[in-house]
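Could you build the full structure based on these sequences and the hints that come with them?
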Amino acid sequence: MTGTQLGAAGAGTDGVDGPGRGTPVLTVRDLSVGFTTEDGTVSAVDAVSFDVWPGEVLAVVGESGCGKSVTAMSLSGLLPRAARVTGSVLLEGTELVGAGDRRLRRIRGDDIAYIFQEPMTSLNPVFTVGRQIIEVLRLHQGMSRRQAADRAVELLTLVGIPSPARRVGEYPHQLSGGMRQRVMIAMALACDPKVLVADEPTTALDVTVQAAILDLLRDLGRRLGTAIVLITHDLGVVADIADRVVVMYAGRVVETAPTEDLFDTPRHHYTTGLLGAVPTAGRRASNGRLQEIPGLVPVLSEQPDACTFADRCPAASDRCRASRPPLAPETTDRTVHRFACWHPAGHRADLAAEPPVDHQERP
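FYI, numbering that gives the first Met the number 0 numbers position 117 of the sequence shown as 116, with every residue one higher than the one before it.
Worth flagging that the hints you see were computed from the coordinates, not collected in a lab.
Careful: at least some of the hints might be erroneous.
As the list claims (entries may be wrong) - Computed spacing ranges between beta-carbons, pair by pair: (1) 94 with 320: 23 to 29 Å; (2) 304 with 37: 20 to 26 Å; (3) 327 with 303: 18 to 24 Å; (4) 223 with 98: 20 to 26 Å; (5) 301 with 29: 43 to 49 Å; (6) 156 with 101: 31 to 37 Å; (7) 175 with 342: 46 to 52 Å; (8) 100 with 170: 30 to 36 Å; (9) 156 with 125: 21 to 27 Å; (10) 149 with 328: 48 to 54 Å.
Just so you know, even glycine gets a beta-carbon here, dropped at the ideal spot from N, CA and C.
See the structure below:
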């Protein structure tokens with residue numbers, strides 16, 4: 000797959016904030032999340048902003064500890080009460096930050112649904128998968144038991160599970176990892192949510208079934224008009240499914256662009272490092288080793304008001320260590336590409352020219 004094949008659905012987008020059609024279903028502005036610890040207040044998410052449109056897949060990427068999952072959980076108030084959340088999260092114009100528990104419980108499942116990375120820990124092992132889907136439908140949709148049972152079979156059919164009428168009577172341990180994740184997708188889609196948050200949905204799966212799950216998510220999103228926020232550290236997954244990408248580092252957005260542009264011309268040096276660390280066909284480092292980003296993500300309680308990547312960046316200067324670069328737009332005749340860097344990479348990155356090799360599901 001070449002760089003021009005990446006993110007085909009997003010190739011015609013007009014700007015990094017969305018494809019320029021209609022109104023975004025989810026608008027996040029200056030979202031910040033802090034936690035009080037013995038060492039003081041830790042800023043896990045710092046002024047994050049993005050939009051998501053119906054039918055679009057927005058990938059949020061970065062190393063562990065960069066704030067991806069905290070951002071995802073904060074969208075519908077799933078964080079602990081000790082978390083201090085500021086900023087704005089608008090779901091079709093309705094503010095969710097500061098909303099009451101009762102209101103947020105209604106929104107979860109009905110309007111914003113989640114898929115987590117390990118389906119075996121999300122499904123109850125003592126109930127059949129059909130009963131668990133039926134429970135969701137009766138609770139959120141007010142269906143009768145017969146209506147919910149029929150709908151459960153329809154949902155399993157929708158996500159590509161063979162013999163759905165038989166599978167509804169099976170327990171989670173009787174299904175493969177890929178099938179369990181399909182059940183989780185069916186449960187998430189049961190109430191026709193406007194936004195589907197997929198937090199590392201394929202990490203716990205064998206690589207041979209990842210492609211099928213990703214294709215399913217993308218196709219269902221487009222067919223049903225569901226906006227998908229994909230949380231991942233895997234740039235191969237991003238290349239497969241995402242229309243646009245938000246790159247996070249140490250709780251901040253450092254770059255955002257349509258997928259094709261990000262892979263073809265990454266501007267932040269953290270992004271080039273992530274791309275360079277991905278094994279690709281036909282490329283090998285001179286010493287036979289993969290490229291790596293030196294150092295670690297900084298301790299969140301000790302972040303300076305400067306570029307947090309400076310200590311790991313090959314292009315860092317005194318300016319980078321003294322002041323924080325804004326997330327500034329770079330506009331071309333086709334798109335808007337935003338990045339927070341005083342010395343952006345200015346060339347087409349050879350490291351990003353070839354995305355990871357696709358995997359196919361075993362029959």
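Structure-based check of all given hints:
1. 94 with 320: 23 to 29 Å: violated, 37 Å
2. 304 with 37: 20 to 26 Å: holds, 23 Å
3. 327 with 303: 18 to 24 Å: Between residue 327 and residue 303, where Cβ atoms are some 19 Å apart, the hint holds.
4. 223 with 98: 20 to 26 Å: Between residue 223 and residue 98, where Cβ atoms are some 25 Å apart, the hint holds.
5. 301 with 29: 43 to 49 Å: violated, 22 Å
6. 156 with 101: 31 to 37 Å: holds, 34 Å
7. 175 with 342: 46 to 52 Å: Hint holds: Cβ distance 48 Å, inside 46 to 52 Å.
8. 100 with 170: 30 to 36 Å: At roughly 32 Å between Cβ atoms, residue 170 and residue 100 fall inside 30 to 36 Å, so the hint holds.
9. 156 with 125: 21 to 27 Å: The hinted range 21 to 27 Å holds for residue 156 and residue 125, with Cβ atoms some 25 Å apart.
10. 149 with 328: 48 to 54 Å: The hinted range 48 to 54 Å holds for residue 149 and residue 328, with Cβ atoms some 49 Å apart.
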